[in-house]
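Protein chains: 2
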Amino acid sequence: MEDGVATRGRRGGGGAARRAERTSGKITQAGFITRNIPDYEPLTEEALEIIEANAEVILEEVGVCFPENEAALALWREAGADVDGDRVRLPRGLARNLCKTAPSQFTQIARNPERNVEIGGRNLVLAPVYGPPFVRDAGGRRYATMADFEKFVRLGHMSKWLHHSGGTVCEPTDVAVNKRHYDMLMAHMTLTDKPFMGSVTEPSRARDSIEMCDILFGGLNDRTAMVSLININSPLTFDSIMMGALEEYSRANQACIISPFIVGGAMAPVSVIGTLTQVLAEVMVGVAYSQLIRKGAPVIFGAFVTSIDMNSGAPTFGTPEAAQITYGAGQLARRMGLPYRSAGSFNGSKLPDAQAAYETANSLNAGLLAGVNFMLHACGWLEGGLVADFEKFVMDADQLGTLHKMAEGIAIDENAQAMGAIHEVGPGGHYLGCAHTQANFKQAFWKTDLFDYKPFETWADEGERDTRALASVRIEKMLANYEQPYLDPAVREALMDYVARKKASMPDAFM
Amino acid sequence: MEDGVATRGRRGGGGAARRAERTSGKITQAGFITRNIPDYEPLTEEALEIIEANAEVILEEVGVCFPENEAALALWREAGADVDGDRVRLPRGLARNLCKTAPSQFTQIARNPERNVEIGGRNLVLAPVYGPPFVRDAGGRRYATMADFEKFVRLGHMSKWLHHSGGTVCEPTDVAVNKRHYDMLMAHMTLTDKPFMGSVTEPSRARDSIEMCDILFGGLNDRTAMVSLININSPLTFDSIMMGALEEYSRANQACIISPFIVGGAMAPVSVIGTLTQVLAEVMVGVAYSQLIRKGAPVIFGAFVTSIDMNSGAPTFGTPEAAQITYGAGQLARRMGLPYRSAGSFNGSKLPDAQAAYETANSLNAGLLAGVNFMLHACGWLEGGLVADFEKFVMDADQLGTLHKMAEGIAIDENAQAMGAIHEVGPGGHYLGCAHTQANFKQAFWKTDLFDYKPFETWADEGERDTRALASVRIEKMLANYEQPYLDPAVREALMDYVARKKASMPDAFM
Numbered sequence: 001m002e003d004g005v006a007t008r009g010r011r012g013g014g015g016a017a018r019r020a021e022r023t024s025g026k027i028t029q030a031g032f033i034t035r036n037i038p039d040y041e042p043l044t045e046e047a048l049e050i051i052e053a054n055a056e057v058i059l060e061e062v063g064v065c066f067p068e069n070e071a072a073l074a075l076w077r078e079a080g081a082d083v084d085g086d087r088v089r090l091p092r093g094l095a096r097n098l099c100k101t102a103p104s105q106f107t108q109i110a111r112n113p114e115r116n117v118e119i120g121g122r123n124l125v126l127a128p129v130y131g132p133p134f135v136r137d138a139g140g141r142r143y144a145t146m147a148d149f150e151k152f153v154r155l156g157h158m159s160k161w162l163h164h165s166g167g168t169v170c171e172p173t174d175v176a177v178n179k180r181h182y183d184m185l186m187a188h189m190t191l192t193d194k195p196f197m198g199s200v201t202e203p204s205r206a207r208d209s210i211e212m213c214d215i216l217f218g219g220l221n222d223r224t225a226m227v228s229l230i231n232i233n234s235p236l237t238f239d240s241i242m243m244g245a246l247e248e249y250s251r252a253n254q255a256c257i258i259s260p261f262i263v264g265g266a267m268a269p270v271s272v273i274g275t276l277t278q279v280l281a282e283v284m285v286g287v288a289y290s291q292l293i294r295k296g297a298p299v300i301f302g303a304f305v306t307s308i309d310m311n312s313g314a315p316t317f318g319t320p321e322a323a324q325i326t327y328g329a330g331q332l333a334r335r336m337g338l339p340y341r342s343a344g345s346f347n348g349s350k351l352p353d354a355q356a357a358y359e360t361a362n363s364l365n366a367g368l369l370a371g372v373n374f375m376l377h378a379c380g381w382l383e384g385g386l387v388a389d390f391e392k393f394v395m396d397a398d399q400l401g402t403l404h405k406m407a408e409g410i411a412i413d414e415n416a417q418a419m420g421a422i423h424e425v426g427p428g429g430h431y432l433g434c435a436h437t438q439a440n441f442k443q444a445f446w447k448t449d450l451f452d453y454k455p456f457e458t459w460a461d462e463g464e465r466d467t468r469a470l471a472s473v474r475i476e477k478m479l480a481n482y483e484q485p486y487l488d489p490a491v492r493e494a495l496m497d498y499v500a501r502k503k504a505s506m507p508d509a510f511m
Numbered sequence: 001m002e003d004g005v006a007t008r009g010r011r012g013g014g015g016a017a018r019r020a021e022r023t024s025g026k027i028t029q030a031g032f033i034t035r036n037i038p039d040y041e042p043l044t045e046e047a048l049e050i051i052e053a054n055a056e057v058i059l060e061e062v063g064v065c066f067p068e069n070e071a072a073l074a075l076w077r078e079a080g081a082d083v084d085g086d087r088v089r090l091p092r093g094l095a096r097n098l099c100k101t102a103p104s105q106f107t108q109i110a111r112n113p114e115r116n117v118e119i120g121g122r123n124l125v126l127a128p129v130y131g132p133p134f135v136r137d138a139g140g141r142r143y144a145t146m147a148d149f150e151k152f153v154r155l156g157h158m159s160k161w162l163h164h165s166g167g168t169v170c171e172p173t174d175v176a177v178n179k180r181h182y183d184m185l186m187a188h189m190t191l192t193d194k195p196f197m198g199s200v201t202e203p204s205r206a207r208d209s210i211e212m213c214d215i216l217f218g219g220l221n222d223r224t225a226m227v228s229l230i231n232i233n234s235p236l237t238f239d240s241i242m243m244g245a246l247e248e249y250s251r252a253n254q255a256c257i258i259s260p261f262i263v264g265g266a267m268a269p270v271s272v273i274g275t276l277t278q279v280l281a282e283v284m285v286g287v288a289y290s291q292l293i294r295k296g297a298p299v300i301f302g303a304f305v306t307s308i309d310m311n312s313g314a315p316t317f318g319t320p321e322a323a324q325i326t327y328g329a330g331q332l333a334r335r336m337g338l339p340y341r342s343a344g345s346f347n348g349s350k351l352p353d354a355q356a357a358y359e360t361a362n363s364l365n366a367g368l369l370a371g372v373n374f375m376l377h378a379c380g381w382l383e384g385g386l387v388a389d390f391e392k393f394v395m396d397a398d399q400l401g402t403l404h405k406m407a408e409g410i411a412i413d414e415n416a417q418a419m420g421a422i423h424e425v426g427p428g429g430h431y432l433g434c435a436h437t438q439a440n441f442k443q444a445f446w447k448t449d450l451f452d453y454k455p456f457e458t459w460a461d462e463g464e465r466d467t468r469a470l471a472s473v474r475i476e477k478m479l480a481n482y483e484q485p486y487l488d489p490a491v492r493e494a495l496m497d498y499v500a501r502k503k504a505s506m507p508d509a510f511m
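As they're listed, the protein sequences go chains A and B. Under UniProt numbering, the letters of the first sequence match residues 1 to 511, in that order. Under UniProt numbering, the letters of the second sequence match residues 1 to 511, in that order.
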């Protein structure tokens, strides 16, 4: 899979390419990012060693809890941990040692092989917002529905810089809690051909996700087709539902993000280095546990960390402390040789306004330079994650293009040096017309598909539209141009049968 | 001068401190930033050597122009350059060698010694937007007036994260072109006690600026009291008016930013490395020339670089190419041992909306990590620099706080490690009440003075205000709390006399 942008169908000549060409018209899609730039690493060797040593002390002396999970406790006992009630204390080095069998990079397949993503190494895969119960658009804020969910999946499919369709892009609150994962998976499987995430809200729903993938991919055969989000109940608690989902996925060689969910000052100490220590301890245990389930199961070192507004108690986003933790956790993940998940379109604003954009840009920039490999929430996040915002989705998705260009790095070949142009133009001249400019301008600069650079008068004549208004127009245009990617009708029918059968087997539950 | 925030009057006990305490009430001001974090350096040694070698080739083979400046040409001839008409070609190494006498760091004094700034080294000094002919506020966009200018200076004085009052914060278009520098300088000298910039639009106005500083400071005696902006007319042209101002300032040991003004693709090649090569060649000549005027004159390596939208021809801001150049030019400046100016609240939006904020945050973040020492335009820039926006001024000025916190770096002492807290809280516990949190929460997290983190219902009840609306409120509050800093009435009178005498000596000019 190459970096950069390719128009579908221009690549390769295989069946997949032909199918893509036949079915998806003129959608231009970028490959996942491969960084040609260094990581930003503010933690010194001394700081890293302190964190790593302290994390071992936590695991040995404080330990972690695996409540209501006898099977997990048995595995830990067998692995050499000290198990006391549901408290697990790990001798120094045990967790880190178990983590060594986790792969440093893995492929997540998509049903269109051109959309496969490589997670780990120098790569960065971008996925949309996850989890909000509300949506917002020009009409205001309301509970999310399955129709909203499908609209987001279509927009994600049409977003050139988005490599992944994500998971619970918003919570479809109009569908029963115990059945909505079927509808969400159907949307990801049929409305797009990008890779996606599985359900984690019950172990049985993880199993359902795997069974549906088995149908979609004609047998998974240990191929990794899902990346799913396993949150740790910080501090130091691994609840049995999330662990149950992890167990299902790891057993089937499906990838999990092992991710402490931390509001700094509430679920972790108020200091950056204290938080990083706890994050490392928690991730080591989660990853080690995945390897106890199945050696070599793909996992991702996750860090979802925000600060807290000590006055209101509200979580805050895009702050300098969050950036420091994002950089630091990246260093820790690389020292463990694990793919890294962090950052996103985080912000605490109620509207897709300047606050939302400052905070989002702070987080996106930190994520790129921190060496993040999988960025969940890369677009659409609003109001501290309570809201998936349609306008912000397309605004953020446009900005994700800047990450692609930054990551390309700086070419230094003869053409890039442009000495001929400098000689040709000379003092007081103009580069617009010169041969080098003519040959290079099309690829030279990243170009927004959203922002306004029109002359003031044109902009005023067109109604003085702000970014939100431009985004509204873009949403309609993207949806109007949307084309559903081809899926073998037999596969679609098999999926529909599976879902109908499953849904019929249980009453609706709304809790 | 320490980093961090200190309430005026708490520092030191000298006369200046007492005067500040007496006159400026409860204004809290941050000291300039001193970085405890590494720089981000994407250019490899190979890339840097290519750029440096190519810059020497440009100077030797293409040369630069000093039109209508016989004195400059004579100096260059004397220094060993090849002068042909107004074209100056510099033998390899000449410019770089001349640059060596420029200081790597210098102090710019303010009339309140607590506001002195150290420019260079690991420091970052933040100054407001410079040059826009228009202003915008809640009422819309209009030509800037002297009343707007004074309002900006007051807001700058009240902005805790802003270390510098800047120069032409907006163009006071209601004052004659040949007299407005007097009024602007009077505003900087009397409405704030932060450091400021001098006039560069005529050599005589640079002389006036120096004479007014002589009055304000009771004799300058070679102390550096101004940093002024000398733009190079890229490509490779040094116009005689700007050079005339540089000559005046350098002779008087006043600092100049030597700054190519480049819209990439128009005034420089469309490639990052080609642009960096031209920037380096131009800055080397400008700095070398300042040292021909006076060895040891303080100067700053400037890089104002934006891309161009190849469709509309409009300059674009906050782009990945601009960030790459900002990082790269920082590396080049440090290799020359020169203070570095770049980045700012750049954006191309017509409104202080999401576009404005994304682009601004991209540039501010790049500026911090690029090792910028003097950031002009750090707040208030809108519409590609055509507009100084009041709301954006306070939005950006608030965000500048994040740069302070990021730059502090990550503490690793025992308190920061927080192992006691982690032991105390344990699995499943809560950190809000623990002793470590109580002792540290006040300093733990950077806190916005502007953004909204209220509960949704409170925010809705208060009128669903966006960032602009919150900024409007903040502007009024800051102006209501403004107190003019004390200035010796005799000095004020002497300045007023000087200005009155000078203004009376010439007719108004409006071109």
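Hints in this document: simulated from the structure, not taken from any laboratory. This one's a predicted model, so the numbers in the text were calculated from it and none came from an experiment. A virtual CB, placed ideally from N, CA and C, is assigned to each residue, including glycine. Heads up, a few of these hints could be off.
From the structure, some residues in chain B lie toward chain A, with a derived Cβ separation under 8 Å [as the list claims (entries may be wrong)]:
#1 PHE261
#2 ALA361
#3 ALA421
Practice task
Against chain A, run the beta carbon of PHE261/B and see if the smallest gap drops under 8 Å.
Solution key: 13 Å, violated
Practice task
Against chain A, run the beta carbon of ALA361/B and see if the smallest gap drops under 8 Å.
Solution key: 3 Å, holds
Practice task
With a cut-off of 8 Å on the beta carbons, see whether ALA421/B makes it to chain A.
Solution key: 5 Å, holds
Checked against the numbered hints given earlier, the structure breaks only hint 1 and satisfies all the rest.
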